[in-house]
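Residue numbers (our numbering), protein chains in the order written: chain A, 1 to 323; chain B, 1 to 259.
Simulated from the structure, these hints should not be mistaken for lab results.
Warning: the hint list may mix true and false statements.
Now the stretches of chain B that chain A is said to cover, found in silico as 3 or more residues with beta-carbon under 8 Å [unchecked claim]:
| hint | region |
| --- | --- |
| 1 | 20-31 |
| 2 | 78-91 |
| 3 | 115-122 |
Each pair of labels, with its calculated beta carbon distance range [claimed, not checked]:
| hint | chain 1 | residue 1 | chain 2 | residue 2 | range |
| --- | --- | --- | --- | --- | --- |
| 4 | A | E113 | B | A208 | 50 to 56 Å |
| 5 | B | R3 | A | E113 | 20 to 26 Å |
| 6 | B | S88 | A | E113 | 30 to 36 Å |
| 7 | A | A116 | B | Q35 | 39 to 45 Å |
| 8 | B | Y45 | A | H108 | 18 to 24 Å |
| 9 | A | R93 | B | W201 | 44 to 50 Å |
| 10 | A | K111 | B | R3 | 19 to 25 Å |
Just so you know, even glycine gets a beta-carbon here, dropped at the ideal spot from N, CA and C.
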Amino acid sequence: MSSDLAIDARGLVKRFGDTVAVDGVDLAVPRGAIYGLLGPNGAGKTTTVRMLTTLLRPDGGQAFVDGIDVAADPHGVRTRIGLTGQYAAVEERLTGRENMEFVARLFHMPKSEGRARSVELLERFDLVDAADRVVKGYSGGMRRRLDIAMSLIARPSVLFLDEPTTGLDPRSRLAMWGLIEELEHDGTTVLLTTQYLDEADRLAQRIVVIDHGTVIANGTADELKDQIGGDRMTVQIRHPESRPLALEALAPFCAGEVDVDLDGRTFHFPIRSGDRVVPNVIRALDDAGVDVLDAEVRRPTLDDVFLTLTGRSAADEHEGVAS
Amino acid sequence: MNRVVWALRDSWTEAMRHLRIIPRNIELLIFATIQPIMFVVLFVYVFGGSIDVPGFANYDQFLIPGIFSQSLVFGSAFTGIGIAEDLSKGLVDRLRSLPMARSAVLIGRTVSDLVRNIITFFVMLVVSFWPIGFRFEGSLVEAVLATMLLLLFSYALSWVQALMGLSVGSVEAANSAGFIWMFPLTFVSSAFVDPATMPGWLEPVADANPFTVVTNAARALYNGNPVGNDALVSVLWSVGIIAVFASLSIRKFNRSTVA
Numbered sequence: 001m002s003s004d005l006a007i008d009a010r011g012l013v014k015r016f017g018d019t020v021a022v023d024g025v026d027l028a029v030p031r032g033a034i035y036g037l038l039g040p041n042g043a044g045k046t047t048t049v050r051m052l053t054t055l056l057r058p059d060g061g062q063a064f065v066d067g068i069d070v071a072a073d074p075h076g077v078r079t080r081i082g083l084t085g086q087y088a089a090v091e092e093r094l095t096g097r098e099n100m101e102f103v104a105r106l107f108h109m110p111k112s113e114g115r116a117r118s119v120e121l122l123e124r125f126d127l128v129d130a131a132d133r134v135v136k137g138y139s140g141g142m143r144r145r146l147d148i149a150m151s152l153i154a155r156p157s158v159l160f161l162d163e164p165t166t167g168l169d170p171r172s173r174l175a176m177w178g179l180i181e182e183l184e185h186d187g188t189t190v191l192l193t194t195q196y197l198d199e200a201d202r203l204a205q206r207i208v209v210i211d212h213g214t215v216i217a218n219g220t221a222d223e224l225k226d227q228i229g230g231d232r233m234t235v236q237i238r239h240p241e242s243r244p245l246a247l248e249a250l251a252p253f254c255a256g257e258v259d260v261d262l263d264g265r266t267f268h269f270p271i272r273s274g275d276r277v278v279p280n281v282i283r284a285l286d287d288a289g290v291d292v293l294d295a296e297v298r299r300p301t302l303d304d305v306f307l308t309l310t311g312r313s314a315a316d317e318h319e320g321v322a323s
Numbered sequence: 001m002n003r004v005v006w007a008l009r010d011s012w013t014e015a016m017r018h019l020r021i022i023p024r025n026i027e028l029l030i031f032a033t034i035q036p037i038m039f040v041v042l043f044v045y046v047f048g049g050s051i052d053v054p055g056f057a058n059y060d061q062f063l064i065p066g067i068f069s070q071s072l073v074f075g076s077a078f079t080g081i082g083i084a085e086d087l088s089k090g091l092v093d094r095l096r097s098l099p100m101a102r103s104a105v106l107i108g109r110t111v112s113d114l115v116r117n118i119i120t121f122f123v124m125l126v127v128s129f130w131p132i133g134f135r136f137e138g139s140l141v142e143a144v145l146a147t148m149l150l151l152l153f154s155y156a157l158s159w160v161q162a163l164m165g166l167s168v169g170s171v172e173a174a175n176s177a178g179f180i181w182m183f184p185l186t187f188v189s190s191a192f193v194d195p196a197t198m199p200g201w202l203e204p205v206a207d208a209n210p211f212t213v214v215t216n217a218a219r220a221l222y223n224g225n226p227v228g229n230d231a232l233v234s235v236l237w238s239v240g241i242i243a244v245f246a247s248l249s250i251r252k253f254n255r256s257t258v259a
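Produce the entire structure from the sequences given, and follow the hints as far as they go.
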């Protein structure tokens with residue numbers, strides 16, 4: 001076992017009855033890194049985090065957090081981790097400050113240290129004004145900030161953030177992203193689970209894509225995007241009736257299947273790399289007598305990665321649409 | 001030894017989480033105070049005039065220890081509701097991921113409910129003395145002993161409630177499950193009437209009810225009557241219930257997690 005890994009999991013398995021929720025997950029997160037665990041609802045992200053944070057006993061495999069075996073010494077693991085779950089784990093009937101000091105006491109920190117650390121974190125997470133108000137009146141974003149502040153009280157070496165922005169409004173979400181990025185400067189290792197591709201793209205140095213309990217891809221956002229081929233092109237024509245002509249004209253540029261939107265006149269397809277694709281495509285369509293409204297080339301997004309890897313869109317999954 | 005000290009400290013930290021809230025929630029405080037007062041006043045003035053108990057010149061001296069006993073036992077239902085409520089929120093997951101004693105979550109809850117019950121007891125005691133006119137006929141030591149027997153039994157039932165709160169799926173279910181068996185437990189007993197007046201088939205049930213034993217012991221001590229074996233038997237009941245239900249509850253709480 002190498003000690004430069006903050007999280008080292010091999011072949012983790014968790015079954016619930018007949019369902020295999022996690023089916024042999026490997027994870028290797030170096031110290032100080034922010035890793036994203038990306039997958040749709042029910043992919044096994046939370047179950048993996050619950051095993052790594054000693055809340056669930058693995059049915060197979062081994063995991064070390066900060067060098068400690070989670071199965072052999074769960075108590076030791078608990079002294080080194082912070083966990084922020086999907087549901088804000090705060091005591092609503094106490095004030096923000098009382099919540100902080102409550103957790104400090106349970107970490108067996110000396111009283112004065114617990115107090116000082118609470119003040120420090122309340123300041124950092126912009127909760128000073130609300131510190132002596134009961135949490136019940138906090139907004140969703142404030143609760144989530146308090147939740148993370150509570151997880152940081154004992155300076156954990158590994159912080160687990162399970163869907164930290166689910167249910168937040170866009171502004172709170174941006175603020176939360178800023179806070180998570182700051183954690184990197186502290187040298188805290190962060191394992192972040194998310195079903196939002198933009199979140200993983202922005203925050204995580206490396207992304208582990210998980211689906212049906214297994215890791216299906218692993219790499220930086222750019223590596224994942226490269227893995228599925230080159231750039232993507234979107235072309236929109238004026239008249240849906242000219243679709244056959246357009247498809248014929250586009251064929252030489254396509255490196256894969258053409259995806260047609262419901263409007264019947266917007267096409268998405270991967271392109272072969274090459275210079276001056278846009279003018280060439282427009283010229284080809286023009287020569288075929290097709291009226292072009294718009295044409296653009298873009299880098300693949302993680303959504304394209306997801307679609308390619310799993311055959312369905314991550315967005316579909318969390319909207320609850322059966323594919 | 002060190003582990004035990006930490007477990008006790010963690011339990012107290014957890015108990016304080018619940019206790020700090022009591023003075024803050026004025027409405028809850030008012031209702032929690034009114035309820036025992038209502039119990040005392042209603043029973044005494046509604047039933048007081050129409051019931052005679054052999055051996056007691058004044059029914060109030062018979063009835064009030066029974067009401068103390070019943071109110072404290074009812075107070076134990078808060079444990080199950082509180083635990084079900086905690087489980088329905090994310091906080092318990094955080095507690096499980098902390099390097100604290102696991103048992104502290106349950107011990108803290110039962111201890112805070114015991115403290116709440118002590119407050120309830122004092123409210124009832126004040127009302128019983130004035131305007132009702134209840135008196136300790138025995139020594140103060142006997143009265144303290146009687147009170148401790150009642151509180152110990154209600155603490156034991158808190159652990160039964162804890163197990164139920166851990167077993168049911170929701171706060172609503174914990175609420176009904178927690179109260180429903182309290183009625184037969186406290187009414188098929190010696191709390192309000194002499195079991196000898198009950199139908200022949202019911203009397204042995206009431207006599208065997210541990211709640212009867214505890215109530216009889218407390219009543220004897222409050223009235224300065226000979227307590228016999230009842231004090232010892234009621235302690236044995238309470239300790240036995242705590243031993244069984246505390247270990248079942250703590251095991252259940254820990255079960256799905258790494259020990």
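Tested hints:
For the region 20-31 of chain B, the assignment as covered by chain A holds, since 4 residues bring a beta-carbon within under 8 Å of that chain's beta-carbons and 3 suffice. For the region 78-91 of chain B, the assignment as covered by chain A holds, since 3 residues bring a beta-carbon within under 8 Å of that chain's beta-carbons and 3 suffice. A count of 0 residues in the region 115-122 of chain B with a Cβ less than 8 Å from any Cβ of chain A is obtained; the coverage claim is therefore unmet, three being the minimum. A hinted range of 50 to 56 Å holds for the C-beta pair E113 of chain A and A208 of chain B, which are about 55 Å apart.
As the Cβ distance of R3 of chain B to E113 of chain A is approximately 22 Å, the hint placing it in 20 to 26 Å holds. Under the hint 30 to 36 Å, the C-beta atoms of S88 of chain B and E113 of chain A, about 32 Å apart, fit the expected range. Between A116 of chain A and Q35 of chain B the C-beta distance comes to about 42 Å, which sits within the given range of 39 to 45 Å. For the pair Y45 of chain B and H108 of chain A, the beta carbons lie near 53 Å from each other, so the given range of 18 to 24 Å is not met.
Here the CB-CB span from R93 of chain A to W201 of chain B is close to 47 Å, well matched to the stated 44 to 50 Å. A C-beta distance of roughly 21 Å is found between K111 of chain A and R3 of chain B, which places it inside the suggested range of 19 to 25 Å.
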